[in-house]
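Protein chains: 2
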Amino acid sequence: RIVRIALEILESEIRARDLAREHVLITAGATREEIDPVRFISNRSSGRMGFALAEAARARGAQVTVIAGMTTAPEPYGVELVRVCSAEEMLRAVLERLPHATAFIAAAAVADYRPATRQAQKIKKTGARLTLELEPTPDILATVAARKHESLLVVGFAAETERVVEHARDKLERKGLDLVVANDVSQKGAGFDSETNIVTLVTRDGEESLPLMTKSEVAHRILDTVARLRKLARG
Amino acid sequence: RIVRIALEILESEIRARDLAREHVLITAGATREEIDPVRFISNRSSGRMGFALAEAARARGAQVTVIAGMTTAPEPYGVELVRVCSAEEMLRAVLERLPHATAFIAAAAVADYRPATRQAQKIKKTGARLTLELEPTPDILATVAARKHESLLVVGFAAETERVVEHARDKLERKGLDLVVANDVSQKGAGFDSETNIVTLVTRDGEESLPLMTKSEVAHRILDTVARLRKLARG
Chain A
1 RIVRIALEIL ESEIRARDLA REHVLITAGA TREEIDPVRF ISNRSSGRMG
51 FALAEAARAR GAQVTVIAGM TTAPEPYGVE LVRVCSAEEM LRAVLERLPH
101 ATAFIAAAAV ADYRPATRQA QKIKKTGARL TLELEPTPDI LATVAARKHE
151 SLLVVGFAAE TERVVEHARD KLERKGLDLV VANDVSQKGA GFDSETNIVT
201 LVTRDGEESL PLMTKSEVAH RILDTVARLR KLARG
Chain B
1 RIVRIALEIL ESEIRARDLA REHVLITAGA TREEIDPVRF ISNRSSGRMG
51 FALAEAARAR GAQVTVIAGM TTAPEPYGVE LVRVCSAEEM LRAVLERLPH
101 ATAFIAAAAV ADYRPATRQA QKIKKTGARL TLELEPTPDI LATVAARKHE
151 SLLVVGFAAE TERVVEHARD KLERKGLDLV VANDVSQKGA GFDSETNIVT
201 LVTRDGEESL PLMTKSEVAH RILDTVARLR KLARG
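From first to last, the protein sequence lines stand for chains A and B.
Just so we're aligned, residue 1 is where the first sequence starts under the numbering used here, counting upward by one.
Just so we're aligned, residue 1 is where the second sequence starts under the numbering used here, counting upward by one.
Hints in this document: simulated from the structure, not taken from any laboratory.
There may be inaccurate statements among the hints.
Identical copies look the same in the list; a pair holds intra-copy or inter-copy alike.
[Stated by the list, open to error] Listed below are the simulated BS3-like cross-link pairs for lysine-lysine, each with C-alpha atoms no more than 27 Å apart in a straight line:
hint, residue 1, residue 2
1, LYS188, LYS124
2, LYS171, LYS122
3, LYS175, LYS231
4, LYS231, LYS124
5, LYS148, LYS124
6, LYS125, LYS171
7, LYS231, LYS148
8, LYS122, LYS188
9, LYS171, LYS148
10, LYS231, LYS125
11, LYS122, LYS175
12, LYS148, LYS188
13, LYS148, LYS175
If we strip away everything but chain A, and leave its shape as in the complex, we get:
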């Protein structure tokens, strides 16, 4: 028993500094795409998963920068926090800091469509229907993966409501990522506005399905995988 406790302490000590050489760039929260000065399109996101990753990475010795949209979760402590509004702004903030990063984790719920034109004045309500033309926003994750320097590890999330792992593996391959954290947001205890999550970690070499756990525990498991992939990359 003493040996087990000693091993656990040792392991947590090793974990505690295993990211000391990393500079982790994390996106968190939801972007807002304005329709007019009052209305916007957004995604459900508390920012909790991204903030948990930031705190976990800092605790393990990494330098951490968070680019955050709209969040409701308490802000992380001891990390650089940059606020942005739209997907466009988030992309710009990420690219600016990318040269210094060694790992990029895209935990934000980025609106992937935005109004094709933003109205400068509030649209007046009429009784009639209204057609809103939407265009795709820039794909932050794909842009980063395409421009990445050799030592950058890129981690994405896939929030899905059906065929979750299949969509996640497709995303991994299509965008050239190192890890995709897949979660079925239709499950109870997973995803938005929740303290917990149920995820599958999809890498090029396999899949690891995790049980229901807190977002802080999920964060550590993701960072365990980042540390493992770093070792693999070093050979």
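We have chain A already, so just place chain B on it with the hints.
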């Protein structure tokens, strides 16, 4: 000087109980209209103005019920708080409580358009544009004003970006309201995500433009007008 202080204390004492016979029903925050399980349309709103009204009304002796959508401001203390998501849900919650109310203050930023159809599964991103068909949401304020019992005072807000008082007076007459609180949300220090507001109180008998003040002060000025209109109605 002593007389002035005494008068002020007296006035605040009178104010303190001047709504003791009122049951004030207040809406606050932003509604969310779902596009699919992940995306939604919403409005900018912290809920701060509605919550300030709730606290001010309670302090002046009223019984208070708040129907709130999404908010970021701290919740009010000592009042009944009901949470809802969409405009449809907010309307239902309001109508349920309307028979007991003596004043209705619509401080929520209700989404006035919603997707004509909600997708049960997350819409997959493609490179192409997307057309979103929007339909008007039920008009909570107009519905309440149309169904109001004789002694109900109805107060609306008009957040505008141009010709503010004109739009407010039009709203007052068109919907049959007792008071419209008009604010130009394009002004600095007014509207969303702000601790302060700059408003004009538009009633059937006139207009009162207030300078920049805290939302709590604005709340009291609105309630002063409610108390005045109540006296007028009693004759």
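Here is what the structure says about each hint:
no., hint, in the structure
1, LYS188 / LYS124, "between (39 Å within a copy, 22 Å between copies)"
2, LYS171 / LYS122, "between (37 Å within a copy, 15 Å between copies)"
3, LYS175 / LYS231, "within (22 Å within a copy, 67 Å between copies)"
4, LYS231 / LYS124, "neither (57 Å within a copy, 34 Å between copies)"
5, LYS148 / LYS124, "between (44 Å within a copy, 25 Å between copies)"
6, LYS125 / LYS171, "between (39 Å within a copy, 12 Å between copies)"
7, LYS231 / LYS148, "within (18 Å within a copy, 70 Å between copies)"
8, LYS122 / LYS188, "between (37 Å within a copy, 17 Å between copies)"
9, LYS171 / LYS148, "within (16 Å within a copy, 54 Å between copies)"
10, LYS231 / LYS125, "neither (58 Å within a copy, 34 Å between copies)"
11, LYS122 / LYS175, "between (37 Å within a copy, 20 Å between copies)"
12, LYS148 / LYS188, "neither (35 Å within a copy, 41 Å between copies)"
13, LYS148 / LYS175, "within (11 Å within a copy, 57 Å between copies)"
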